[in-house]
Each structure stands twice: as structure tokens, then as C-alpha cells.
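Go ahead and model the full structure; you've got the sequences and the hints to work with.
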Amino acid sequence: MVEPIGNQYVVARPVYSELWFDEDYQKVHRYHKTFLDHLRVCFSCSSQKAKKIAFELFPLLSWLPTYRLKEWILSDIVSGISTGLIAVLQGLAFALLVNIPLVYGLYAAFFPVIMYFFLGTSRHISVGPFPVLSLMVGAAVLRIIPDSETPVNGTLTNDSSLIDQQRVLVAASVTMLAGIFQLLLGVLRIGFIVIYLSQSLISGFTTAAAIHVVMSQLKFIFQLPVPGYNKPLGIIWTLKSVFEQITDTNIADLVTALIILVIVFLVKEVNERFKAKLPAPIPIELFVTVVAAGVSYGFNFKERFKVDVIGKLGRGFEAPVAPDLSVFQSCAGDGFSIAIVGFAVAFSVAKVYSIKHDYPIDANQELVAFGISNIFGGAFKGFAASTSLSRSGVQESTGGKTQVAGFLSAIIVMIVLLAIGHLLEPLQKSVLAALALGNLKGMLMQFKEIGVLWKKDKYDCLIWVVTFLAAILLGLDLGLAAGIGFELLTVVFRTQFPKCTVLANIGRTDIYRNRKDYTDIYEPEGVKIFRCPSPIFFANIGFFKDKVTAAVDFSPLRVLRKRNKALRKIRQMLKKGELQVTPKGFICTVNGVSDSDEELDNNRIEELDQPADTKDLPIQIDWNSDLPINITVPRIYIHSLILDFSAVSFLDVSAMRVLKETIKEFVRVDVDIYITGAHDGLLDKLERCDFFDDEIKPSMFFLTIHDAVLHILVKKDIATSSPKFKPIMEKQSKDHYIICTNGGLRNRDFKEPPETKL
Numbered sequence: 026m027v028e029p030i031g032n033q034y035v036v037a038r039p040v041y042s043e044l045w046f047d048e049d050y051q052k053v054h055r056y057h058k059t060f061l062d063h064l065r066v067c068f069s070c071s072s073q074k075a076k077k078i079a080f081e082l083f084p085l086l087s088w089l090p091t092y093r094l095k096e097w098i099l100s101d102i103v104s105g106i107s108t109g110l111i112a113v114l115q116g117l118a119f120a121l122l123v124n125i126p127l128v129y130g131l132y133a134a135f136f137p138v139i140m141y142f143f144l145g146t147s148r149h150i151s152v153g154p155f156p157v158l159s160l161m162v163g164a165a166v167l168r169i170i171p172d173s174e175t176p177v178n179g180t181l182t183n184d185s186s187l188i189d190q191q192r193v194l195v196a197a198s199v200t201m202l203a204g205i206f207q208l209l210l211g212v213l214r215i216g217f218i219v220i221y222l223s224q225s226l227i228s229g230f231t232t233a234a235a236i237h238v239v240m241s242q243l244k245f246i247f248q249l250p251v252p253g254y255n256k257p258l259g260i261i262w263t264l265k266s267v268f269e270q271i272t273d274t275n276i277a278d279l280v281t282a283l284i285i286l287v288i289v290f291l292v293k294e295v296n297e298r299f300k301a302k303l304p305a306p307i308p309i310e311l312f313v314t315v316v317a318a319g320v321s322y323g324f325n326f327k328e329r330f331k332v333d334v335i336g337k338l339g340r341g342f343e344a345p346v347a348p349d350l351s352v353f354q355s356c357a358g359d360g361f362s363i364a365i366v367g368f369a370v371a372f373s374v375a376k377v378y379s380i381k382h383d384y385p386i387d388a389n390q391e392l393v394a395f396g397i398s399n400i401f402g403g404a405f406k407g408f409a410a411s412t413s414l415s416r417s418g419v420q421e422s423t424g425g426k427t428q429v430a431g432f433l434s435a436i437i438v439m440i441v442l443l444a445i446g447h448l449l450e451p452l453q454k455s456v457l458a459a460l461a462l463g464n465l466k467g468m469l470m471q472f473k474e475i476g477v478l479w480k481k482d483k484y485d486c487l488i489w490v491v492t493f494l495a496a497i498l499l500g501l502d503l504g505l506a507a508g509i510g511f512e513l514l515t516v517v518f519r520t521q522f523p524k525c526t527v528l529a530n531i532g533r534t535d536i537y538r539n540r541k542d543y544t545d546i547y548e549p550e551g552v553k554i555f556r557c558p559s560p561i562f563f564a565n566i567g568f569f570k571d572k573v574t575a576a577v578d579f580s581p582l583r584v585l586r587k588r589n590k591a592l593r594k595i596r597q598m599l600k601k602g603e604l605q606v607t608p609k610g611f612i613c614t615v616n617g618v619s620d621s622d623e624e625l626d627n628n629r630i631e632e633l634d635q636p637a638d639t640k641d642l643p644i645q646i647d648w649n650s651d652l653p654i655n656i657t658v659p660r661i662y663i664h665s666l667i668l669d670f671s672a673v674s675f676l677d678v679s680a681m682r683v684l685k686e687t688i689k690e691f692v693r694v695d696v697d698i699y700i701t702g703a704h705d706g707l708l709d710k711l712e713r714c715d716f717f718d719d720e721i722k723p724s725m726f727f728l729t730i731h732d733a734v735l736h737i738l739v740k741k742d743i744a745t746s747s748p749k750f751k752p753i754m755e756k757q758s759k760d761h762y763i764i765c766t767n768g769g770l771r772n773r774d775f776k777e778p779p780e781t782k783l
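Counting with this note's numbering, you get residues 26 to 783 for the letters of the sequence shown.
The hints are simulated quantities; they were obtained by calculation from the structure and are not laboratory data.
Don't take every hint at face value.
List of simulated lysine-lysine pairs, DSSO-like, C-alpha gap at most 30 Å [as the list claims (entries may be wrong)]:
#, residue 1, residue 2
1, LYS600, LYS587
2, LYS640, LYS587
3, LYS601, LYS590
4, LYS740, LYS570
5, LYS74, LYS376
6, LYS381, LYS302
7, LYS381, LYS95
8, LYS741, LYS590
Using C-beta positions, here's what the derived DEER-type ranges look like [as the list claims (entries may be wrong)]:
#, residue 1, residue 2, range
9, GLU720, ALA575, 19 to 27 Å
10, VAL280, PHE511, 41 to 49 Å
11, ASP333, PRO257, 25 to 33 Å
12, PRO257, LEU469, 21 to 29 Å
13, VAL346, TRP262, 31 to 39 Å
14, ASP333, ILE218, 36 to 44 Å
15, PRO385, PRO257, 36 to 44 Å
16, ARG682, GLN645, 30 to 38 Å
17, ILE475, LYS541, 25 to 33 Å
18, VAL280, LEU258, 55 to 63 Å
19, GLY532, SER671, 33 to 41 Å
20, LEU498, ARG682, 25 to 33 Å
21, ARG713, PHE217, 24 to 32 Å
22, MET470, PHE217, 26 to 34 Å
Every residue gets a Cβ at the ideal spot worked out from N, C-alpha and C, and that includes glycine.
In C-alpha cells form, the structure reads like this:
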């Protein structure tokens, strides 16, 4: 019963142990499905299930029939054209990162988009090349086909066209391998894997990747023959090579790139600041490309200044190719890294737009969609696709409603490939390099997150910094692995060394908090309340036990051994007549007692760990009173220990074994253990694991800390003797208690909880 009184509430209910609560409210023991039950459901057949699978595999079937043609088609056309033009330029620019002919960047901007149109669940992301993935593919390409004399079929060759063909095949094979990984993860329903890539890790990794992109584009901006260094400390070697040749810089390329960079950065800043007022972002990449191509053609930059231009792009599509299996063997790590990073980036962007426009996305289906898109794109000599933040922003901000806009952007890329690609032939590669760097503004600005993360969470800040430095120094593939490893290490560290606390009653209410944080506290005499805010498992059970021992300020096992040793001496002294029993206790009849061989026998140490047996003694020993001469036993000033398990999400078998031993150690030194706030199912699991016996019983589990405290106070009959606790509890009769303010016993005689099986 809850009665609101102003801004207070009064609760009157019985003190409940877990078993008592289940008995009173008739807990239902539900049937839990077995693995065979799940298999039956998985392989069952029905028309509804077939329809559901079809809609999941082809999300297009769910939204295309409801497409509002008159309302959406114009917006999708405008968005598709704008996005397509940007996709053309980014495809060419990012092909520089892959170290393959630029026309294949258009393939990467076309084929994956077509497949995602049918299979993807996001309606707003723009699928295609992404600078980080392009650089990762390029790193694998350079490792297998380096810039120096290249082995092809066992011979050395300097033929650039043959090298390009080999690099295209490697890029396509790595892309298909990444697609296979994504498809397998999607089919196995492992879309949740993205949760292991925290926002801090992704931010640090993409920032490092942006630095790598900058380094990789220096050779196009300065027009220097800088080889690719795909190895640890590759950035340092790249800078060394650039500075050694800096005097050979092509000034025309450098000036053009700097002008383009300044213009792109300024206009992007305008787009960002006035995005609420602008109907659509200014397509600055398109404008500068048209102007730069026209100026380069009109003034014949190639002949006059010896600049490096795009050159002949070629028309149409090339025939699909089969992957090179030797590349699969040597690039398995690269393929997996590309698959995970590409999916993580795309899914995070898709999730933002799904929340903004209120429609669901499916992580597993996204993996399938990107997997098939990359397999399809790689087969047609494209390279790995994800989504570009800037390109997706254009598609959404220009009014795109569905993936029809994405499909139309692919049509624009196809038109360029088939008809007007030759107009871009005079364009300088330094312009494309500058456009690639211009798209890194958002990633480079992520450096600001370091200060913010340091104030919010130092662990997240360390993840950002370690991932960034690892990716910079070790390379993107090893850096990503190192970042994930460090991230998981922080999780292990936080769970292995949780901040355990001793709790106290606050303000004589039913609220219990860290005793160090408040002054108005009440701690029942002889009661300790210990809280562990972490799962308890094999890695931290030792730490948990040490913290419990520190909280109670004694080792129960040491006390038990001391008591058993003392019992040996007492029995021996009684046998020799050195002790006499009186109503007040033991009286020693000799001045001193010497240690005997039996007393010092440590070979029977296992006997000292057994419960102290005093049945054969004439009186009950009070271990906290004065003992005979030469017999010392540590005194214990608590009689009850409450373990708050409200934040313990799981307990594994190894921890369960140690916890059982620890509880027995306390019970054997006459300290009662109570566990509160245990999650649903923990008692069932403990019962299945034979946790309970004659010393450890299910009645030790209580719903809340307050229930356990009230139970202890009644059991020890100290509730009425404690003036501080009177506001919480009053004694109405010999065995009847009632709560005055904040919950407790109501119209119920005190009794021990039932000992029935679960």
C-alpha cells in the first residue's frame, strides 16, 4: 500500500526475503526455451514467415509500394542529381588513395549503390567511396604491388599499365573479401559487433585515418614521386621522402591545390554556419571542378607547367573478374578490418538519419546489404564502399526522401562514365587531392574531443588517444586492432577493479548510500553493508574477496584457524587440569602454559578450516571475552554482513565457487551473510549449481537492503534498544513490529523465512 503525502510517500509492507516474497505472490516458474526449441522455430515453414523473410531481405518491398510519387519524386530527383555530381568527384579523388586508375573510382560510386537500393534499410545515406576505407584498401594494394619494381608472375616489370591491372585486381579482391566478411556476419546475425567500436574509438581511428589521407595526398599536391610506405612508422618515412624532394615541387600544382583548399574550407564553413538558412549546401566541389578543368584546358597547364592531369578515363564498363585467392590469404586481416570499419561508419550515420526521420534500420540487414554491395562492386573492379558523411549530408539536406535519390545518383555516375567523362580529362590530380583533403574537415576537427572526453570520462579519452597514436604509428590495420584491444582492456580493468563501497542508512529512511558521502547516517551495531557495482566473475572474484575482507577488517579464515587452534589448547589444558570451569568462564590453575607438539602441528592445517566444534566443552565460549593465558584469538565486532548484489549483472561458476567458500568462512565464525537485490534468475542458477547446503541456505536472500536490515534488527532484538532507529521501526508487542515512515513490517508477526526449495 502506497499513500502519497505531499512530496513524500509512505509504504507499508512486510519484510521480505526472496523466498518469502515468491511464496506470498505465487511466483510462476516459466518454461525457458532450449536450443532445440529455437532450432524448430528457425527451420519451421509458413507463408507468414516466408513473407517476413522476403521483406527483411528486400526492404525495398516495404517502402516502395507506399512511395508518394507526387510528393517525393521531385525532391528525390534534385537530391539524386546533386549527390551524383559529388559522388563523381569523390570517386575520382578517393581512387587516388587506392593507387589505381581514377576511372575505377566511378565504378565504386556506381555498383554498390545499385545493390544497396534493393537491400539496404536506410533511406538517406549515400553509399560509395569513403576516404578511410579507400586508404585501407590502398595500403593493402601497396603492400602486395609496391611502387618499386613489381614481381608479376615471377618476373620483374616496370610496365605501368600492367602494374595498374595488378593493383586493380588486388583492390577488387580485398573489396570482395571484405564483402564476404560482412555478408557472413549479417547471415549469422552478428550485427551487434558494432557495439565493440565505441564512439571514442571510431573518432580516434578516423582522425588518424584523416592524417594518413593527408600524407598520401602530398605527392599529388607537390607532384613528387613519393613511394607508399605501408609499414609501422610509414608516416615518418613519407614525410622524410617529401622533404628530401621538396625542391622538385611543381609550383603550379601546389598553388592550385592551396587555392582549392582555401575555397573549399571557406565555403564548407559557410554551409555549416548558415545551414538553417540555406535551402541546400553550396556544391562547392562541383563549381571548383568545372572551373579548374576549364582553366587547365584553356591555358594548357599540362604542356606549359607539366602538371599531372587525370588523362583518358575511358568509356563504359569492364567485364567482371574473379577474385585472386592468393590475395584472400595475404589480406584476411585487411579484409576484416575494412568490413568492420565500413559497417561501423555506415551504420552510425544511418542511425542518425533513422532517428531524425523516424523509421527503423536493421543492423544485420545492413551487414548483408553492404556485404553483397561490396562483393558485387569488387567483381566489377570497384573498391570498398561505405558512406561519406558529406555526401550523405548533401543527399538528405537537398530533400532526399528515399533511396530513389541514391539510385538516381548512380545514374548520374553512369552518364559520366558513358558520355561526358572526357570533359574531366584536363583536370589536375592536385585538384582531386585538394578535394579529398577538403572532405576531411569534419574528421580533423575531432581533435577537439580530447578535452571534452577528459572532462567527461578519462577512460574514453585514453581510448581516443591510444587508438589515434596506434593508427598513426602502426598503420590503420594494426592500429585498429590495438585500439580495440585497449578498449576491451579498459572494460576488463573497470570490471576487474570495481569501486566497492560500504553503505549506511541515510537519514533513518530506507535509503542506503556510501557512508563516506553523508554525515546524517545510521549504521546498525554489528552490521556491515557491502556493495559491489560490477559483475562478479573469475577475473575479479579475488579482488571482491579482498575488498570484503578489508570492509569487515578481519580475515574470517584466519580467525577460524585461530579459534580451532585455541580449542586444541583449551581441550589439552582441560585434560591436564590446567583449566577449571566456573560460571564466569575458564580459570587457569598454572602460571604458564607451554606449546605442545600437537598445538604446533601444522601438517593438519585442513582441520583448522573446519567449523569450530565446541559441543564437548562444558561451557559455550565467548570469543570476544578474556581467554586463558597464552591463548589469543582476534575479536570480531560484527554479527551480520549484507552483500548488495543490485549492480551484479552475472555470477559465473568460478566466482560462485569462491563466493561459496567465502560465505562459509564467515558463517563458521558466527557472522550471518545476507544477499540483497539479486537479479531475477540468480537463485535458480545457484540452485542448479548446488550452491546451497547445510551452511548456506536460500533464506539469506532478501529483496532490498532495508528488508535485510529490519530482519537482522528483529532477529537480534536490538530494534527497540537503538534510539537512532526508532523513526524507522517501533515495537508494538513481543514479536510484532511496524514501520513508522518508510516501509517495513505491517500486521505480520516476525518469523524465519521458509526454507523450501526453489
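Each hint, compared with the structure:
1. A C-alpha spacing of about 20 Å is found between LYS600 and LYS587, which places the hinted pair at or below 30 Å, so the restraint holds.
2. Pair hint LYS640 plus LYS587 holds up; C-alpha atoms about 18 Å apart against a cutoff of 30 Å.
3. Between LYS601 and LYS590, the direct Cα distance comes to roughly 17 Å. Compliance with the 30 Å bound is thereby established for this hinted pair.
4. Our distance criterion of 30 Å between C-alpha atoms is met by LYS740 and LYS570, whose separation comes to about 26 Å.
5. Simply put, LYS74 and LYS376 have alpha-carbon atoms about 26 Å apart, close enough for the 30 Å limit, and the pair holds.
6. The suggested pairing of LYS381 with LYS302 holds, with an alpha-carbon distance near 19 Å, which does not exceed 30 Å.
7. Pair hint LYS381 plus LYS95 holds up; C-alpha atoms about 23 Å apart against a cutoff of 30 Å.
8. Taking the CA atoms of LYS741 and LYS590, the gap is near 29 Å; set against the 30 Å cutoff, the hint holds.
9. At about 24 Å, the CB distance of GLU720 to ALA575 agrees with the hint of 19 to 27 Å.
10. Range check, VAL280 to PHE511: Cβ separation about 42 Å, and the 41 to 49 Å hint holds.
11. Take ASP333 and PRO257: their Cβ atoms lie about 29 Å apart, and the range 25 to 33 Å holds.
12. A beta carbon spacing of about 23 Å between PRO257 and LEU469 agrees with the range 21 to 29 Å that was offered as a hint.
13. Checked against the hint of 31 to 39 Å, the pair VAL346 and TRP262 passes, with Cβ atoms roughly 32 Å apart.
14. For the pair ASP333 and ILE218, the beta carbons lie near 41 Å from each other, so the given range of 36 to 44 Å is met.
15. Checked against the given bound of 36 to 44 Å, the beta carbons of PRO385 and PRO257, roughly 42 Å apart, stay inside it.
16. A C-beta distance of roughly 32 Å is found between ARG682 and GLN645, which places it inside the suggested range of 30 to 38 Å.
17. Distance hint check for ILE475 and LYS541: the Cβ-Cβ separation is about 31 Å, which falls inside the suggested range of 25 to 33 Å.
18. The given range of 55 to 63 Å is broken by VAL280 and LEU258, whose C-beta atoms sit roughly 31 Å from each other.
19. Taken as a hint, the range 33 to 41 Å is violated for the pair GLY532 and SER671, whose Cβ atoms sit roughly 20 Å apart.
20. Separated by about 43 Å at the C-beta atoms, LEU498 and ARG682 break the suggested range of 25 to 33 Å.
21. For ARG713 and PHE217, the Cβ-Cβ distance of about 27 Å falls inside the hinted range of 24 to 32 Å, so the restraint holds.
22. A hinted range of 26 to 34 Å for the beta carbons of MET470 and PHE217 is consistent with their spacing of about 30 Å.
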